Amino acid sequence: MNAMTCHDVEEQLDLLAADECDRPMRSAVERHLQECASCAARYAESQQLRGLLDLHWDAAGPERVRRRIEREERRARPRPVVLLFVRQAASLAALLLVTFGLGWLAPRTGTDESRPALQLSARVVRDDGPESKAKMMENVRPPVDIEREQGPAELVRLTLARGQSGHAFRAELRQAELDKKLPTPPEVPIALELSNNGGRSLQVRLGDAATRLTLEVRGNGVARVPAVGVAEPAFLRPRTLRLEPGEHEVLHIDRLIAGAPGRLEYIYLTEPGDYTLTARLRVTAGGTVATVTSPEIRVKVGH
Amino acid sequence: MDSTATDAELVQQTLRGAREAFHHLTVRYYRPVGGFILKRVQRPDLVEDLVQETFLEAYKALKAGRRPLHFSSWLFGIAHNRCGKWLRRKRPTLFAPNEAPDLAVAPSEQALREELEEQEKQIAHLRSHLQGLPEETRRLLELKHRDGKTCEEIAAATGRPVGTIKSLLARTYKWLREALTPTSGGARP
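Quick mapping for you: the protein sequence lines, in order, are chains X and C. For the first sequence, the working numbering gives the first residue as 24, with consecutive numbering after it. For the second sequence, the working numbering gives the first residue as 383, with consecutive numbering after it.
Where hints are given, some of them may not hold.
[Unchecked claim] Distance condition first, Cα-Cα at most 20 Å in a straight line; then the derived DMTMM-like pairs of lysine to aspartate or glutamate: (1) K548/C with D31/X; (2) K203/X with E53/X; (3) K442/C with E68/X; (4) K556/C with E33/X; (5) K548/C with E534/C; (6) K556/C with E93/X; (7) K421/C with E499/C; (8) K503/C with E68/X.
[Unchecked claim] Here are the simulated distance ranges between beta carbons: (9) R98/X with K467/C: 47 to 57 Å; (10) T263/X with R509/C: 41 to 51 Å; (11) E402/C with A194/X: 58 to 68 Å; (12) T386/C with A82/X: 16 to 26 Å.
Since the hints were made in silico from the structure, they are not lab data. None of these values were measured; they are calculated from a predicted model. Positions of the beta carbon are idealized from the N, C-alpha and C atoms, including for glycine.
Build the full structure now, drawing on both the sequences and the hints.
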């Protein structure tokens with residue numbers, strides 16, 4: 024799309040704030056906003072209006088505060104020693120039963136209060152079919168290359184290109200950020216599974232203003248770079264899921280790309296070593312904004 | 383419990399362990415606090431989290447025996463600190479370090495009361511402008527902001543083209559934005 028004028032952009036700002044700009048238009052408007060202070064100030068007004076309208080119709084907000092206070096009070100209440108033991112034993116059993124841990128819980132819409140309604144689990148995708156391989160070949164670029172470890176452990180192995188230091192890689196990234204030519208972040212064959220473990224049907228909205236994927240990557244050499252004007256990953260596509268009790272939806276992460284609609288970041292692993300990755304997904308579920316957290320995945324970067 | 387009780391009465395009842403009294407305070411101040419936070423962080427998607435944290439902190443403080451002189455300005459002070467914490471957090475480079483104002487200086491009690499008045503005025507203005515909208519337009523905004531539907535979903539539900547829905551929404555936003563700005567005005571959508 025050609026560069027837009029302030030007049031063209033102004034027509035779109037309210038729709039952008041309401042998440043109603045289609046993707047090519049949104050990228051073009053966001054590029055303009057990066058460079059135009061007056062349109063950016065106007066956009067702040069549009070966001071303000073959107074926020075006020077959301078608040079105006081958010082009749083359930085105080086009730087959510089009440090539920091949160093109740094949850095906090097339950098959590099703070101001292102537990103009987105025997106119950107504590109039983110809970111610890113149950114936690115251990117759960118860890119053993121589920122090969123790779125369980126996700127976190129929210130919101131509690133099921134009839135059984137002790138049972139989390141929405142859970143997030145994460146697993147390493149082991150599909151090495153032709154399509155997956157082709158994608159790998161197309162996307163592999165220096166300095167990252169990938170192997171998947173076969174076996175029970177949830178581990179992703181990435182290989183740094185020979186001959187390039189982490190320092191040089193980061194310098195390259197800084198330049199690429201300035202040039203707005205960021206390399207594609209590394210492919211990670213990870214799938215997040217969003218499950219409804221409650222007793223009722225649950226409507227989950229993805230790609231709206233509340234949706235945000237946070238990838239918490241820990242380790243020596245993590246570089247995070249804002250990605251402006253880049254294509255959004257599939258998990259941020261606006262859609263509404265209806266998850267019946269027991270159903271799940273698989274969200275493929277594919278690459279170390281996190282963030283929210285219009286605010287993405289690319290994540291790079293620039294040094295060899297061990298990293299851990301935890302995904303946190305914020306969605307609107309059952310009319311409530313909920314954040315679900317996956318268990319940790321280990322990532323090993325070698326030469 | 384009387385929801386028309388004064389703030390001081392509801393605070394007293396909360397101090398005596400009546401959780402319902404605090405709920406009345408939450409209902410009373412949820413939107414003004416939300417508007418206050420929105421103005422500072424300028425991120426609609428963060429408002430709910432920060433509002434919840436504000437009320438939770440206030441509730442914990444009251445349970446711990448804190449007796450604020452003026453509940454509303456004390457609550458706004460907590461909200462102000464919550465926004466400051468968020469803005470000062472170790473930011474990932476995901477969001478540009480721009481936009482939101484610096485909250486290093488704590489506002490005075492007087493300033494916080496004026497903020498409350500300003501927020502209440504803004505909420506009342508918005509409500510009155512929404513009431514003045516044609517039924518169809520108000521219904522469209524409800525579907526969008528109350529039910530969280532996209533234009534595509536609204537179009538499917540109402541049998542109207544997506545483009546028409548988007549145009550009406552854009553015109554309505556523009557009119558509301560201008561109507562809420564004291565110096566300007568425009569034709570109702």
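Here is how each hint holds up against the structure:
In summary, the hint linking K548/C to D31/X is supported, as the alpha carbons are separated by about 16 Å, within the 20 Å threshold. Using a Cα cut-off of 20 Å, the hinted pair K203/X and E53/X holds, with the two alpha carbons roughly 13 Å apart. In summary, the hint linking K442/C to E68/X is not supported, as the alpha carbons are separated by about 34 Å, beyond the 20 Å threshold. For the hint linking K556/C to E33/X, the alpha-carbon distance of about 10 Å falls within 20 Å, and the restraint holds.
Using a Cα cut-off of 20 Å, the hinted pair K548/C and E534/C holds, with the two alpha carbons roughly 9 Å apart. A threshold of 20 Å between alpha carbons decides the hint, and for K556/C with E93/X the separation of about 40 Å lies outside it, so the pair is violated. For the hint pairing K421/C with E499/C, the CA-to-CA distance comes to about 14 Å; that is within 20 Å, so the pair holds. Taking the CA atoms of K503/C and E68/X, the gap is about 17 Å. The hint holds against a cut of 20 Å.
Range check, R98/X to K467/C: Cβ separation about 21 Å, and the 47 to 57 Å hint is violated. At roughly 28 Å, the beta-carbon separation of T263/X and R509/C lies outside the given 41 to 51 Å, and the hint is violated. The hint said 58 to 68 Å for the Cβ distance between E402/C and A194/X, and at roughly 60 Å that hint holds. Here the CB-CB span from T386/C to A82/X is close to 19 Å, well matched to the stated 16 to 26 Å.
Going through the hint list in order, the structure does not satisfy hints 3, 6, 9, 10.
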